[in-house]
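Residue numbers (this note's numbering), protein chains in the order written: chain C, 1 to 115; chain F, 1001 to 1112.
Honestly, the hints are just simulated from the structure, not real lab data.
Hints should not be assumed to be uniformly reliable.
[To be verified] To list a few chain C residues with every Cβ distance to chain F over 10 Å, as calculated:
| hint | residue |
| --- | --- |
| 1 | 4 |
| 2 | 53 |
| 3 | 59 |
| 4 | 72 |
| 5 | 75 |
| 6 | 77 |
| 7 | 83 |
| 8 | 84 |
| 9 | 86 |
| 10 | 103 |
[Stated by the list, open to error] Partial selection, computed: residues in chain C whose CB lies under 7 Å from chain F:
| hint | residue |
| --- | --- |
| 11 | 90 |
| 12 | 102 |
| 13 | 106 |
| 14 | 107 |
| 15 | 109 |
Here a beta-carbon is modelled for each residue, glycine too, at the ideal position from N, C-alpha and C.
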Amino acid sequence: EAQVTQNPRYLITVTGKKLTVTCSQNMNHEYMSWYRQDPGLGLRQIYYSMNVEVTDKGDVPEGYKVSRKEKRNFPLILESPSPNQTSLYFCASRGMGQGARNEQFFGPGTRLTVL
Amino acid sequence: LAKTTQPISMDSYEGQEVNITCSHNNIATNDYITWYQQFPSQGPRFIIQGYKTKVTNEVASLFIPADRKSSTLSLPRVSLSDTAVYYCLVVGFNNAGNMLTFGGGTRLMVKP
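Pulled out of the complex, with its shape left as it was, chain F reads as follows (with noise of 0.2 Å):
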């Protein structure tokens, strides 16, 4: 399984754009990035997914470079409700099916 890593934590102020940086080196050919917000008390939300080059919704863009052993989340004009732990994950198989691995998460705060 490609493990991740990302940053424990990030701080930002309302309007700025915010980038988070996930490395997977050990990403295998047929594994996709996805990404999820989660507030506190509350379930994962799926925000975005990959598997190459940029991906953008209406909630956020996911670039993906040409070696795919990293990706970046971007959230543009972050605000207050943004604040929230966002997980990074290489979804993979394995013999069985399908087992996915959250990491720890970049816990995001967002100041007035």
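So here's chain C without its partners, still in its complex pose (with noise of 0.2 Å):
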């Protein structure tokens, strides 16, 4: 089935200890973004890549890190969360080919509490 899963699903921290919240795809996509969203916010796109070792900041990058050494994960790395980066947090791919729709797959969400 094709899929974009994250890990974990649900994480409650504290400040300051460096945390990773895993993506993978297995649909050889070439496009991996991860998004927070917020209430009243929408979803903001935090990194994206376009390919492996190749990314970029989005909106709202301040705080966190991002890797691409595999094409099929893209972490999402808390080197020191704070509160402000309790959130609902998505990662997604597309496929980039000729002729590819400009459709991204969703994972199922990461649910970070900071305290």
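Now that you have both chains on their own, put them together as the hints suggest.
Right under this line is the structure:
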């Protein structure tokens, strides 16, 4: 089954404790992206990646890092989480080939709480 | 990036047709218009995409006038399960590649 998976689905942590949220897709997609969703603010893009070793900032990259060492994986790293990073996070991917429509496939989401 | 404007919320009743309009006055020549649906605590799901005129699939229709400064998502005969948030996106490309911006979306409430 074609899908985007995220782990963990739920995480409660404390300020300053480094964490990583993993994202993996099995569709051989070039493009992957991370979003955060907060009440009243919709979905905001954090980082995106056009392919392996190619990443770029989205709208709200401060406090986050990403890496793209393999095509299928795009982990989101919070080196020193703060309470304002409490949010619902989504990973997404899409194909970039000729004729690929602009459809992003989203993961199930990771609800993060930073105390 | 073309910014989109949509109504914050809409109410409808089962069996009615729902039309959600999105404004994107600064749309660029190569931009596509894409709509997503999101249920609570789930990731958004692609509904439909278009460039101009009309596009129809098994779920919805998308109407785009000649000037492309707006678009209308049409959901025929909605049911309670269509209650969700609907996002209009203009899919453009920045210098580095592909950057997407979701606006606030339209919260559709379908009542019995």
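Verification of the supplied hints:
Under the 10 Å C-beta cut-off, the non-interface status given to residue 4(C) relative to chain F is violated; the minimum distance is some 8 Å. Distance to chain F confirms residue 53(C) as a non-interface residue, since its nearest Cβ pair spans about 13 Å, more than 10 Å. Chain F draws residue 59(C) into its interface by the beta-carbon criterion, the shortest separation being 7 Å against a cut-off of 10 Å. Every Cβ of chain F is farther than 10 Å from the Cβ of residue 72(C); the closest lies at roughly 18 Å, confirming the non-interface assignment.
With a minimum CB-CB distance of about 17 Å to chain F, residue 75(C) clears the 10 Å threshold, and the non-interface call stands. At roughly 20 Å from the closest C-beta of chain F, the C-beta of residue 77(C) stays outside 10 Å, upholding its exclusion from the interface. Under the 10 Å C-beta cut-off, the non-interface status given to residue 83(C) relative to chain F holds; the minimum distance is some 21 Å. Its beta-carbon lying about 19 Å from the closest one in chain F, residue 84(C) satisfies the requirement of being farther than 10 Å from that chain.
The claim that residue 86(C) is not at the interface with chain F holds, since no C-beta of that chain comes within 10 Å of its own (minimum 15 Å). Consistency note on residue 103(C): stated as away from chain F, yet its beta-carbon is not over 10 Å from all of that chain's, at 4 Å minimum. For residue 90(C), the interface hint holds, the least distance from its beta-carbon to any beta-carbon of chain F being 5 Å, beneath 7 Å. Taking 7 Å as the C-beta cut-off, the interface hint given for residue 102(C) holds, the closest approach to chain F being about 4 Å.
For residue 106(C), the suggested interface contact is upheld, since its CB lies about 3 Å from the closest CB of chain F, less than 7 Å. Evaluation of the residue 107(C) hint against chain F yields a held restraint, the C-beta minimum of about 6 Å falling below 7 Å. At its closest, the beta carbon of residue 109(C) sits 6 Å from a beta carbon of chain F; the interface hint therefore holds under the 7 Å criterion.
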